[in-house]
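K.L.:
Single-letter residue listing:
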Amino acid sequence: MSGASPSVKLFPEKVELGSMASAVLTKVIPGKRGFVGLYRLDPVDESVYDSRIRDLPLNVDSPRFAPVPGTWLEVLEDEEEDDGPLWMKVGLSSNYGRALAGAAARSGMGELVPAYQIRAMLDGLLGVGGL
Amino acid sequence: MNIPAAFRDLLRPTAPPVRPRPRKGPRPGLLLPYGLTSDLEPGRELWEALATCGPSRPKVYGIVMPWGALHEDVLNRHPAFLASSVGISDREARLHGSARLRAWIDTFGGQHSGLVTVVAGPLVPVWNRAIVGSPYASRVKLVSLPKRSRAEPWGYARRQVAAHLSRMQR
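Heads up: the protein sequence lines correspond to chains A and B, in order.
Counting in my numbering, the first sequence runs without a single skipped number right up to 131 at its last residue.
Counting in my numbering, the second sequence runs without a single skipped number right up to 301 at its last residue.
Hints may contain errors.
Just the calculated beta-carbon pair ranges, DEER-fashion [as the list claims (entries may be wrong)]:
| hint | chain 1 | residue 1 | chain 2 | residue 2 | range |
| --- | --- | --- | --- | --- | --- |
| 1 | B | SER275 | A | PRO57 | 54 to 64 Å |
| 2 | B | PRO210 | A | PRO30 | 31 to 41 Å |
| 3 | A | ARG33 | B | GLY156 | 22 to 32 Å |
| 4 | B | SER297 | A | VAL44 | 47 to 57 Å |
| 5 | A | ASP55 | B | GLY166 | 29 to 39 Å |
Here are the computed lysine-lysine pairs in the DSBU-like style, where the Cα-Cα straight-line distance is at most 30 Å [as the list claims (entries may be wrong)]:
| hint | chain 1 | residue 1 | chain 2 | residue 2 |
| --- | --- | --- | --- | --- |
| 6 | A | LYS32 | B | LYS190 |
| 7 | B | LYS190 | B | LYS272 |
| 8 | A | LYS32 | A | LYS9 |
| 9 | A | LYS14 | A | LYS89 |
| 10 | B | LYS190 | A | LYS89 |
| 11 | A | LYS89 | A | LYS9 |
Keep in mind that the hints were calculated from the coordinates and are not lab data.
Each residue gets a CB set at the ideal place from its N, CA and C atoms; glycine is no exception.
With the hints as constraints, model all of the structure from the sequences given.
P.N.:
See the structure below:
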């Protein structure tokens, strides 16, 4: 993604998810097919967090939710701790990301996958999980 | 004309004539302005009339702000995603939508034998911004709705879509 303007980031540093949680970007993982932003979910209100999202990884058959082509979202449990935090992966494919980077710079997008998109994709995934 | 017996058998048809198989190339794509009227949603009358007016059903996408082009399956299956409030201004939504539409055309345009787009109203500047300078611009056929004075704008659009799809599916 060398064509990206320096002012356009791939993912936002932090995403507020209402009273449920806030998602903090811990690292960006480059891969062959694109980039993954790894977010840790920190509960804001424990009861809302528990009722809305805690069981999500168990409730969905396919955890990957990709309504907008070239991007996807996945919620995972911590593999090492039973009661550990949930993690969220946000993916951006390299081809689409490269094309978007050029157009985004002209459109004033601060991030290629903005916070509102992550919130909307999580809402959609929660809908799939019946939560 | 006398044909020697040895050749007569060769000339006799032994199997039904072989017809060339239809080519299984990429399908064309049809982009429709999702929600422009209450009938422009997958499964509704106008949407289906436009989607099925060609020789076979193309891949059908809805243009949705600020998400760009979404496949009709996504529009059908994920109401929670579409209903989610994004909290940005209409102007930002149009700018972000045109950026995503442009990225979609540049990334996925090559997977279709051609693209037919129906745009109208507020989507016209969004589409113009998305398509200008795109390497796939020459493969896109644009159908604009005629002025309101015309009695049946959607009948006209359907005939135009059908004509473009027929040429792409030849």
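K.L.:
Under the criterion that the straight-line Cα-Cα distance not exceed 30 Å, is the pair LYS14/A, LYS89/A satisfied?
P.N.:
Between LYS14/A and LYS89/A the Cα gap is close to 13 Å, so the pair holds against 30 Å.
K.L.:
Taking only the CA atoms, is the gap from LYS32/A to LYS190/B under or equal to 30 Å?
P.N.:
holds (28 Å)
K.L.:
Given the hint of 22 to 32 Å, check if ARG33/A and GLY156/B actually sit that far apart at their C-beta atoms.
P.N.:
With Cβ atoms ~25 Å apart, the hint holds.
K.L.:
Checking one constraint from the list: CA of LYS32/A to CA of LYS9/A, max 30 Å. Satisfied?
P.N.:
Holds, at roughly 19 Å.
K.L.:
Taking 54 to 64 Å as the hint, is the beta-carbon distance of SER275/B and PRO57/A inside that range?
P.N.:
This hint is violated: roughly 47 Å between Cβ atoms.
K.L.:
Would you mind confirming whether the straight-line C-alpha gap from LYS190/B to LYS89/A stays at or under 30 Å?
P.N.:
Distance ~29 Å between LYS190/B and LYS89/A Cα, so the pair holds.
K.L.:
Holds or violated: LYS190/B and LYS272/B, Cα atoms, limit 30 Å.
P.N.:
holds (15 Å)
K.L.:
Given the hint of 29 to 39 Å, is the C-beta distance from ASP55/A to GLY166/B inside that range or not?
P.N.:
holds (33 Å)
K.L.:
Can you tell me whether the CB distance of SER297/B to VAL44/A sits inside 47 to 57 Å?
P.N.:
Given range 47 to 57 Å: holds, Cβ gap about 56 Å.
K.L.:
For a C-alpha distance cap of 30 Å, please report whether LYS89/A and LYS9/A respect it.
P.N.:
holds (16 Å)
K.L.:
Is it true that PRO210/B and PRO30/A lie within 31 to 41 Å of each other by Cβ?
P.N.:
holds (34 Å)
In summary, the one numbered hint that this structure violates is 1.
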